[in-house]
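**Student:** Chains as they are written, first to last, in the numbering used here: chain A, 1 to 355; chain B, 356 to 582.
One thing to keep in mind: the hints can contain errors.
[Claimed, not checked] Calculated pairs, EDC-like style, for lysine to aspartate or glutamate (alpha carbon to alpha carbon, straight line, at most 16 Å): (1) K269(A) x D238(A); (2) K269(A) x D232(A); (3) K74(A) x E479(B); (4) K74(A) x E436(B).
In short, the hints are calculated from the structure, not lab data.
None of the values given here were measured: they were computed from a predicted structure.
For reference, the chains in residue letters:
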Amino acid sequence: MSIEARLRVERSDFSLDVDLSLPEEGITAVFGPSGCGKTTLLRAMAGLERDARGHLWIGNECWQDERRFLPTHKRRLGYVFQEPSLFPHLTVARNLSYGLRRLGDDAPPVALDQAVELLGIGHLLERRPHQLSGGEQQRVAIARALASDPAILLLDEPLAAVDQDRKQEILPYLERLHRELSMPVIYVSHARDEVARLADHMVLLEEGRARATGDAKALFSRLDLPLAHGPDTETVIDATVAGHDAEFGLTWLDTAAGRFVAVRQDLPKGSPARLQVLARDVSITLGRPTDTSILNLFPATVDTMVDEGSAQTTVRLRVGTVPMLARITRKSAVELGLESGSNVYAQIKSVALLR
Amino acid sequence: MILTEADLTALWVTLKLATITTMILLLVGTPLAWWLARTRWRFRFVVEAIIALPLVLPPTVLGFYLLIALGPAGPVGGLMEALGGQSLAFTFAGLVIGSVLYSMPFVIQPLQNAFSAVGRRPMEVAATLRASPLDRFLTVALPLAAPGFLTAAVLGFAHTLGEFGVVLMIGGNIPGSTQVVSIAVYDHVEALDYTRAHWLSGGLLLMSFLMLVAVYALNRRFWVIKP
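Chain B with its partners taken away, still in its complex shape (with noise of 0.2 Å):
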């Protein structure tokens, strides 16, 4: 076996993440960003700058903050605490609000895009023909905006695997609940590990690239990022 038994585990728990993240992003994307692309509310642009800061903040700032919110002191973690549950800092919960907020903007601006340029012709045309608010988001928006979730999945998946920063500051490095492979590889190559580092790289660059393929070559129209 290439891969050993802790690496394997930092594959699963890492694969773990950026599925559940990837899935909640969708599911709280989806109405954000619906709502971005057709308010005419004058601040929107304030939205919009707050959903695109991981963008550009460095990920040891955000996950520095989120330490501290989710620790026991923090606003979160605390009520937590006093609810009798445990302060998500050093969780895999608090890894998964974490990647959530981190990979936010690769989620939310594609599919805002997308629903930008479905425009607001077609859905009065479905008005015209008898459908409700939500049959017409449901049977004309998200129909045609069908490739822009496909963007945003992957985009979201693959940025929340290359995760490191939010991690280390918030989940630590606990195997088998908060190590993920861009921590593990760290661990490897500070071990002088290269050979495992090499192993565990390659499978991830392998993953990534091939994630990122599928999406260029099924969504010719592929929506670049804007900052």
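Chain A on its own, in the form it takes in the complex (with noise of 0.2 Å):
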């Protein structure tokens, strides 16, 4: 089962005109700049662009097409809007049961609780969205949305209007979400330290136009996409904590391309987690050093290269059937004499876990 969505929306000085087709499961990404029309995909998935056109699935589900336009109303969607968007005249407890009541006898009265606990609100409930702070609101927002029981979540940079504590009081919420449920998440976002943390798979918007989309991860890591070339650029890898080795503080985690070396987290073992690893961490040596104080340390086969001005070079590896990049100076690239295919070792300075 797939979500089809071929949708257009022409406006005097903006027009979106993609054709997906994204997986029923998981959360997909719709990321870019401001104003690439990511919001306004998702409102037309929404059924809130009255003008677009063109047409949508949910799986074996018509939503739009041609001579239909099935209502919001209608759509079976749970929506979360960028600024929580409260009732003000409504308890806690009443905006969350606002959806749920128009379902009719169709209601599975689970999902309210299931909502209500998984957002962690329940000493919440009788209170007025004016005596909640943001963050608080914003989860409301968010259990209100997946009260209503929908087929498909579509969330709007839920966390671009709360301020960064605020957003890690959220975030994990949302992965709990991803974990434990079932049912497919659109998530517009600007913010790439958020995609990196919950996408599975990404949609690459620009200017109203679909770049690329796919694996989230693999996204991160294609040299032809810009996200490659910020000063930010990273690797995603999935994970599996494999043991902690209490001496020294440490934690492993397995991955596709080898075993990795973290600082102490306290996941148990066995459960799933999310490496980060910035290029400008990872450096190259010919030989396989020995005396350093780098613990990860991966044999590698150099896959691409591209210079990024006149000073720098971002390479790609492969290490295992995992992509890394790496940020070097154009110097050594020259002077170790990287080509595609060079076999070389790729030194990781640190690692960070995402989730």
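Build the complex from these two chains, which are given one at a time in their own frames, with help from the hints.
**Tutor:** This is how it looks when you write it as structure tokens:
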């Protein structure tokens, strides 16, 4: 099953024209700079842009085609706006049950309890929206969208309007949602860190067109895309916690690239994790370095290279089956004689655990 | 008894007129104000200007045109007579029509401002939560615009209490039917009966003041009437 979205919106100063086939599971990030049409795309999927043309299928449900346009209130979706937009005249509990009460007999009463539990808002139910912090309001808004038992959850930059602390407060709930619910999530964002942390799939949107779509990790390491050429260019790798080194306070993480060592994380053995390796933290040696302080050391093969101006080069390595980006000086690349197919060692100075 | 029976009758006619007028205006004004608040029609301002006309027009001018329209020779009055009824000039029904038009901006504008203040977002949120258009109007737009309804109702009522020119032109001065307090006061002054004029005027002044105090107190975000 998949989500088929062929949508066009024409405005005097802007046009959106995409033809997407997205998996009906996991988190799909719609990523791009402000004004690229991310929100318009999401609103068109929700039926909030009446002038959107094309077709939209969610699995075997047709929401829009040449003849039909299902109005928003008949689409089984949950939508979270950038601002929490709770109904100010209703308590948190009434906000949460607003959608549920409109489902009629199809209403699964569990959805509400589960949403309250997932977002950790049980203690807020009798409050009014203005009595909540920004982060709490947004958690209620997410729970409200979930409680109406949607077939798909659409999130429009739900963290853009909250500050960094609130963001760190909400992100774990989004990860939990991702782990525990099977419904597909479309997550619009212009924040690279959120996407790296949450996304399974990604649509890279540029000026109303889809520049690339696919596995999020794969897109991060593609040299033909702008993602690989920023100052924060990174590689994202899925991992499993393999165990802990109690003596030195370290955690072992198994990946397709091999075993990584990170500063101890309080995670049980076997739990899934996601690693982030910044390209500027990866250095390259021709021979296997000895007597080095660096613990994460992997044999690798040079795949492709792209110069970044005159001083730097981004090198795409293959470590096992995993692509990994390294940002080195162009001088080093020349002096080491790097070229496609060179066998080298990748030294990784630091690894961050995204989740 | 300080107020004579005639004065009490005039007071009763006045309150009845204000109540009926306010109810009609809320009924007609709600959809109209909703439409004005939401439409992107480029000539919306023309409708707004028409509704605002009674704010600037001398009441006698409005009353004069209404008298012509509602009288036996006018389009409305003529139609009524052709249908076997009577012309609406100098009747209570005619008074209601005049009052509705005269107090229209005082009801429509607070409602329109209240609906505009609600904005599109809450309605979109309600739509994503499965609420049909009517459902979201009733459960989201109306409650959020409630302060505007209070303002509209009180202003419409109070303004109808205070009308004079329109009533004089189309209602005449028929005790028990079209004689309202403001005209009764005028009669008393004409007759140099200042005592009765005082009681009646003072009563109306106090009532109007109390209503406005109530609305300002209950509704801190008072919507100022815009011309």
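**Student:** Taken at face value, is the distance from the CA of E479(B) to the CA of K74(A) at most 16 Å?
**Tutor:** holds (13 Å)
**Student:** Within a Cα-Cα threshold of 16 Å, do K269(A) and D238(A) meet the stated pairing?
**Tutor:** holds (15 Å)
**Student:** Within 16 Å, alpha carbon to alpha carbon, are K269(A) and D232(A)?
**Tutor:** violated (30 Å)
**Student:** If you draw a straight line from the CA of K74(A) to the CA of E436(B), is it 16 Å or shorter?
**Tutor:** Violated, at roughly 50 Å.
In terms of the numbered hints stated before, the structure departs from hints 2 and 4, listed from lowest to highest.
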